[in-house]
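*Asks:* Here is how the chains run, residue by residue.
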Amino acid sequence: MPAQEPNLSVKIGKIRLKNPVIVASGTFGFGEVFENFFNLHHLGAIIPKGISLQPIMGNPPPRIFETDGGIINSIGLQNPGYKDFIQKRLPYLKKVKTHLIINIFGNTQKEYVELANRLNEVSGISGLEMNISCPNVKQGGIVFGTDPRMTYRLVKSVRKSTTLTLLAKLSPNVTDISLIAKAAEDGGADAVSLVNTFKAMAINIHSLKPELGNVIGGLSGPAIKPIALRMVWEVSQRVKIPIIGMGGIMKADDAIEFILAGASAVQIGTANLINPRTAIEVISGIREYLIKHRISRIQKIIGLFQSNKKAPSSFQMT
Amino acid sequence: MVRQLNAKVLKNENIQSLYYLLEIYCPWISSRIRPGQFIMIKTSENPYPLLRRPFSVFKSDYLNGSGKNKRVRLAVLYKKVGKGTQKMAEWEKGQKINLIGPLGNGFTLPPLSYSSEIILIGGGVGIVSLYPLAEALRDRKLYVLIGAKAREDLLCIDEFKKLTSNLFVATEDGSAGFHGTVIDLFSTLKREFDRKDPYYLYSCGPTEMLKDLKRTISFKKFIVQVSLEARMGCGFGACWGCVVKTVDPNIPYQRVCKEGPVFNLKDIVWD
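Keeping their order, the protein sequence lines are chains E and H. Take the first sequence: its letter number 110 is residue 110 in the working numbering, and every next letter is one higher. Take the second sequence: its letter number 165 is residue 1165 in the working numbering, and every next letter is one higher.
I should point out that these hints are in silico values taken from the structure, not numbers from a laboratory. Heads up, a few of these hints could be off.
Stated by the list, open to error - In silico SDA-like pairs for lysine to any residue, Cα to Cα no more than 20 Å straight-line:
#1 1083/H to 68/E
#2 1211/H to 62/E
#3 1245/H to 80/E
#4 1258/H to 1231/H
#5 1258/H to 275/E
#6 1258/H to 32/E
#7 1042/H to 277/E
#8 225/E to 252/E
#9 209/E to 1207/H
#10 1042/H to 1089/H
#11 251/E to 1006/H
Said to hold, decoys possible - A few chain E residues facing chain H, derived, Cβ under 10 Å:
#12 61
#13 64
#14 66
#15 68
#16 222
#17 273
Everything numeric in this text was worked out from a predicted model, so none of it was measured. Beta carbons are placed, not taken as given, at the ideal position from N, Cα and C, and that holds for glycine.
Based on the provided sequences and hints, a complete structural model is requested.
*Replies:* See below:
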């Protein structure tokens, strides 16, 4: 008997994704540099490089440093600003037949609100992801993302200014990430994305200089995956809105772990830089997993890793 | 057009000191790559080392005796310095590897109407990226200046000898050729070059060397294209990790992998 084609589609806010695999902001450029590697239409959604109202020049180099199993970056949210994005970047992205979620950040609540307002008028955009978690710049919103009350207030004000699906991207550099996630939910976010990078640094022991121009950067890659997974699992106990899990996903098995822990979708970040086809390979790996375990819909395995849930018999068989 | 490809190692041999010559069978990249462009190589299948490593291409050519008119072979000359190149040094014939390329913007050649001298200055392993350029310019008035720390670090001397009779060599320890840096050597030769202007000058080497060149040279007399080295995240323009500061008032930090690796030296700002 031929295996049944599993349904990979998931819903995040008002968006129906064809599959749960999204490419993360800051690791996918504005999409165009990946078109030679695969057909972008296959992605669940694209989140291009984060944008602000005004252009940002970014941090001084060196901006990237490889550590064991990870990379530390301090790009500093370099971006051409809202106007340039709309004029030069969006027309290309709009042609891709998948959902477009725009990652935004600002210095102040007013700037977030203004960006959300402006983007609400633009066609071809499905959602907004508020970056309240960049560790590299003061205006990266981390000040909003480390205090539950400020998270609540910021999300609430942005919620009022947009009808688009609204995501809040959370920082792991907090004592209890589930408190921040709850605040975002209470403020009206449709989903939470977690985690952004972990604050980190490296020193050149021979020159006594920092390995990054900005001294401190954010750690990503396989080194952070177990911690990110734990945070997704903790947040899933606390909030009802969908979770988009990320942090060191390199292959389908990693993505499936996040989904079992409670993520409705996943984001691929650092892996895009190393194997630009990772997202596509993750999509087919998830599909094969579902077929192997004879599961008809991905919905059925979201949060399946729960002590009180009984796994389908196919899991005990293997 | 950029592609991500699997390719097979044809040869990987230690040619001198810490330097290795890697030959890869890869018709797609070999037949398309232009002087100054580069490739990204995954040095390990597992996540250690994590990132790909950038390499300029030493040669892209035909297999010996293949008799076909399409370039199929890529040669990379690398120095075993870190954990990535240490992995590479272990490769043997038949090893399957993964490449991305051709990447970046290469050198712009002088117009055919330009008939004056063309100067190439390479430092250390940087000389490798100038070799395909020298091949493209072999019928013109070519001067090549090669510098290295010591005799055992001098690369591609025999190859360059076949392309020009105007080959000059410098070592910092004086173990071969001129005693000093290649920029010191350039300064001593400048009078010879001072008869006509402007000159096309191409360079690749360590940042300190290029800074030195910038201090030495008059941009009224020379048009200088340099190929920069940088730590790279992706190599194809996605991460903005490899930027260099330029005089561009709108976008001061430009990507070495995408807008570069070749820049006009006068546009680069080193703080």
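*Asks:* Would you pick out the hints that fail for this structure and give their numbers low to high?
*Replies:* Hint check: nothing fails, all pass.
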